[in-house]
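Full structure from sequences and hints, please.
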Amino acid sequence: MTAPRIVLGITGASGAALGLSVARQLSGLGANIDLVTSKPAQRTLLAECGQGAYDLLQSYVSTVHSIENIGASIASGSVPVSGMIVAPCSMRSLAAISHGLDDNLLIRAAGVQLKERRRLILLARETPLTLAHLRNMTAATEMGAIILPPVPAFYLLPKTVSEISDQIAARAIDLLGIAKPIAASWQD
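Residue 1 is where the sequence shown starts when you use this note's numbering, and the numbers rise one by one after that.
Some clues are possibly wrong.
With beta-carbon atoms standing in for the labels, derived distance ranges [unchecked claim]: (1) K180 - G50: 15 to 23 Å; (2) S66 - D188: 41 to 49 Å; (3) P152 - S78: 34 to 42 Å.
The calculated DSS-like cross-link candidates involving lysine-lysine, where the alpha carbons are at most 27 Å apart (straight line), are [claimed, not checked]: (4) K180 - K159; (5) K180 - K115; (6) K39 - K115.
Derived from the structure by calculation, the hints contain no laboratory data.
Every residue, glycine too, gets a C-beta built ideally from N, C-alpha and C.
Here's what the structure looks like:
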């Protein structure tokens with residue numbers, strides 16, 4: 001069986017640890033990961049995850065794409081991938097995705113997932129939400145994206161921020177449907 005190929009987008013919204021956890025867990029599943037990050041994402045990784053976080057992130061992935069390279073392989077629907085996760089997804093990126101503004105590789109790759117009817121998981125990160133945010137979430141959902149706000153599963157009684165991030169990242173990966181579920185589930 002061929003390893004799944006997943007596109008991972010990371011924007012500059014708070015929650016950089018989510019993208020790092022998605023990359024680590026996908027790597028652990030043997031996935032081939034195409035990474036595209038915004039410039040603000042690299043700044044947020046440093047601020048929230050510390051020195052060396054971007055290097056660690058790159059160690060988990062197969063290919064790193066420049067956000068300016070609109071001609072990269074992941075910008076074409078003819079290149080088979082199993083889906084895309086944007087973790088975290090800024091409200092700016094959500095707006096661009098929901099309006100088809102393919103002005104950089106991250107947004108273009110997300111648009112490709114939608115047009116090819118592939119899974120696109122957006123960990124939309126902002127609070128509180130404006131009406132514009134809600135409308136953009138609705139538009140993206142109507143086009144086929146899955147909006148997964150990074151809300152902790154408190155019923156699992158997490159003890160650390162890492163446990164929270166890992167559970168949310170695992171939920172996003174599970175939504176791709178590429179392997180048996182890895183997220184902890186509710187036990188009655």
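- Which of the stated hints cannot be reconciled with the structure, identified by number in ascending sequence? 1
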